[in-house]
Amino acid sequence: MKKSTDADLAMSKSAVKISLDLLSNPLCEQDQDFLNMVTALDMAMKRMDAFNQEKVNQIQKTVIEPLKRFGSVFPSLNMAVKRREQALQDYRRLQAKVEKYEEKEKTGPVLAKLHQAREELRPVQEDFEAKNKQLLDEMPRFYGSRLDYFQPSFESLIRAQVVYYSEMHKIFGDLTQQLDQPGHSDEQRERENEAKLSELRALSIVADD
Amino acid sequence: MAHCGTDEPSSGSLDGEGQSLEDRSLLQQSLAIRELMDTEDSYLHMLRLCASDVRSRLQQLPQGDLDVLFSNIDEIIQVSSRFLHGLQETASKEEKQVLLIGNLFLEFQEDFEQVYKVYCANYDQALLLLKAYQKEPELQQEIQSIIQAVVPQAGPSGLSFILVIPLQRVTKYPLLLQKILENTLPDASAYPVLLRATSALQDVNANINEYKMRKEVASKYTKVEQLTLRERLARINTHTLSKKTTRLSQMLKQEAGLVPRTEDKEFDDLEEKFQWVSLCVTELKNNVATYLDNLEAFLHFRPHECDLDIPGGPVVQYCSLARDLQHEAFLEFKQRLKGLVWRPLCSLAKALVGPQNLIKKRLDKLLDFERLEEKLLEVGSMTYEEEAARHTYQALNSLLVAELPKFNQLVVEWLGQILRTFMALQRDLAKQVLQRAEGSISQLPHHHISEPAFRKLVEDTLGQTSTQLLSFRENFEKVLPPSTSQPLLPGSESQVQALLSKYGPGKLYQTTSNISGAGTLDLTLSRGQIVALLQNKDTKGHSSRWLVDTGGHRGYVPAGKLQLYRVIPSEEHRGQAGVQQDSHHLAPAPAPALVPSTPTVTQVVAAYPFMARSTHEVSLQAGQPVTILEAHDKKGNPEWSLVEVNGQRGYVPSGFLARAPSPAPWGWTLPS
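The listed protein sequences correspond, in order, to chains X and D.
For reference, each letter of the first sequence is one residue, going 1 to 209 in full-length UniProt numbering.
For reference, each letter of the second sequence is one residue, going 1 to 672 in full-length UniProt numbering.
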């Protein structure tokens, strides 16, 4: 997600660069119309960049940060699972010992050892069960909490985009209204381009390829 | 023609002579006019024949070739037919005819020039093509037969005969006009018009030639030749070497100030503007390329494809929205950008190459030209090659001067167009995104809230959820209290007592597992043994090895295997003993009040039987539950506790008391 926002920023920056370079070209000094157009474009681009930055900040705050925080719980969770695992091992081990003693003949020392083993087993068993229960309780809760947790993030994501794009629409709509003949379809533009190209080619100083 | 005028006796009046002279000239004039009209008619007829019949029969040639051969013959036909029509109209006008003809020529001057110059410039190429055809005998034969059928008078030269006709015609016009002019009286009203017309047509021819030459020069020098080094080397011969050295010397002379440089302000301005224009185009192209690259990178990352397994709600909408956006809106934007902005820019950039080459060449030729001018001044004449070089320079110069302004202007206009397209594309993209987003946003739960309020809401919610997360984390991190202290090995309680009395209750530790001593001073202990701590670090200062006393032996044991053994243990200390094995997993600020999840209900019981030796003391049996009244005796000695058991009160040693989880009684009996 972070990379996506970085790329977004980069894109916006390069758009600003376009207009900046254009403005610095000395052609602007000569041709007033061209200058006007390029200045307007430059302003628009700069504003767009500002909005984009704002959008990215908002996304950072409301989506990326929460994502990170959510993710940071996982290491602790894993640790708890590991501890449970260990407890399980201990429990099993002791359980096996108890069973081993139980199978032997019930002589005095064996009985004593059996008792002792049982004593050792009990706390371990309790510990394991406690850990198990805890995980069984907590993990589903945690997992389920993500539903509510993320709702606002995504909502905010969508809204941030909407805000940004509506600004963009407004700005560029004004710009094109001012400068361009709006409503040109793509084919018309293609044809205009072709026309200009053939005009250029008609000049003999341009090489034909 | 009757030479009646000269046969008359010279005594005839001047008027008569003049009259007959005039008659003669009038006659000649009308004949010339008639010739003009007739030839025009037949010319047009021939043209039509060629264009329609001959061309349509030459089917076996590809269309491209036909275009080259016949180029704009249709346009010529149109112009000629209009011209002929005009001529024919004048036929009825009698005296005015000549005037009208003159005017007609002037009227058509521009059209003639436009139409014929294209044809003439193309003519060389057509000739080349014909030559190529002649190399294929079969094809030649076919063409020949077709020509023979349609235009018998073409003779063996065939197609070239036909093709040269327009060229011949346009050069004939001045001659025809000249003839008419000769036979017109200088004081006739038509005379000045005719004069202008004649010179106009001559101009037309001159211009056509000029145009042709420029075209040749341009095509010679505009192409950038991709030569390998070897080819370049092969091209060097004495001629080129001498050319280049003379140019170099000329340039040096100019730099040194020995020779004045011809300053052409107009050209320099044009060139400067051209350089700006080309800079603009290249920069724009580069920037758009970067923009496209970034767009690609942006589209490359697809966070919405990672699955969070969250059904319903905004997440699904976001995913579908993002998917739509990426696949449709942005893709369309990218394609349109490429087609309408990137490709034209590339063509523009390519188009810049030609003029750049020409400008460079012009500079070279300028150096030649200047040198030749010097020579002309000195010597007064030039060789043929030098004349040619002069002409080349002049042709180049005039070509550039004529066409660069137009070029610059066109490029600027086109750039403007491209930029406007770019803006429109952005606007369209925004519109698309909005359209799609509007649909999803109305389904979002909070869509009616304004933006700032929404942001506050989100912040609050996030604050809450983050605290929730923190609590989760703590839950997972808390360490459950380890198992309650392990049962003592049988027979060791006296040892415990001894240690207890010697060191005090705070120093007793129990081993949690078997310890095998490795070093010389290390002890080997079994599990559950009670030892007393002497020092919590070894001689080297490591705090992981502790010096302990088992009651009989002293030595080192690993600290991790010891667990604090409280004879009257308390819950808090158990959790906090630093020797516990998983203590280092605790978060940096462990909450001291870790609540064990299995709250133990504890009760004080007697750990060992005790015989009361005096009336202040009370007897205990192992496992008997007692109630501690005071944890020390009258003198404040903590080793004795006042307890109540079985209704009796008395003092017992504190060491004989233990807290045990009440549901689990001690499983073994002490040997009494």
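Worth flagging that the hints you see were computed from the coordinates, not collected in a lab.
The reader is advised that the hints may include incorrect statements.
[As the list claims (entries may be wrong)] Each pair of labels, with its calculated beta carbon distance range:
#1 D:65 with X:188: 27 to 35 Å
#2 X:47 with D:65: 38 to 46 Å
#3 X:47 with D:246: 27 to 35 Å
#4 X:140 with D:459: 49 to 57 Å
#5 X:110 with D:615: 57 to 65 Å
#6 X:43 with D:332: 24 to 32 Å
The beta carbon of each residue, even a glycine, is placed where N, CA and C say it ideally should be.
We went through each hint and held it up to the structure:
no.: 1; hint: D:65 with X:188: 27 to 35 Å; verdict: holds (34 Å)
no.: 2; hint: X:47 with D:65: 38 to 46 Å; verdict: violated (57 Å)
no.: 3; hint: X:47 with D:246: 27 to 35 Å; verdict: violated (58 Å)
no.: 4; hint: X:140 with D:459: 49 to 57 Å; verdict: violated (28 Å)
no.: 5; hint: X:110 with D:615: 57 to 65 Å; verdict: violated (45 Å)
no.: 6; hint: X:43 with D:332: 24 to 32 Å; verdict: holds (26 Å)
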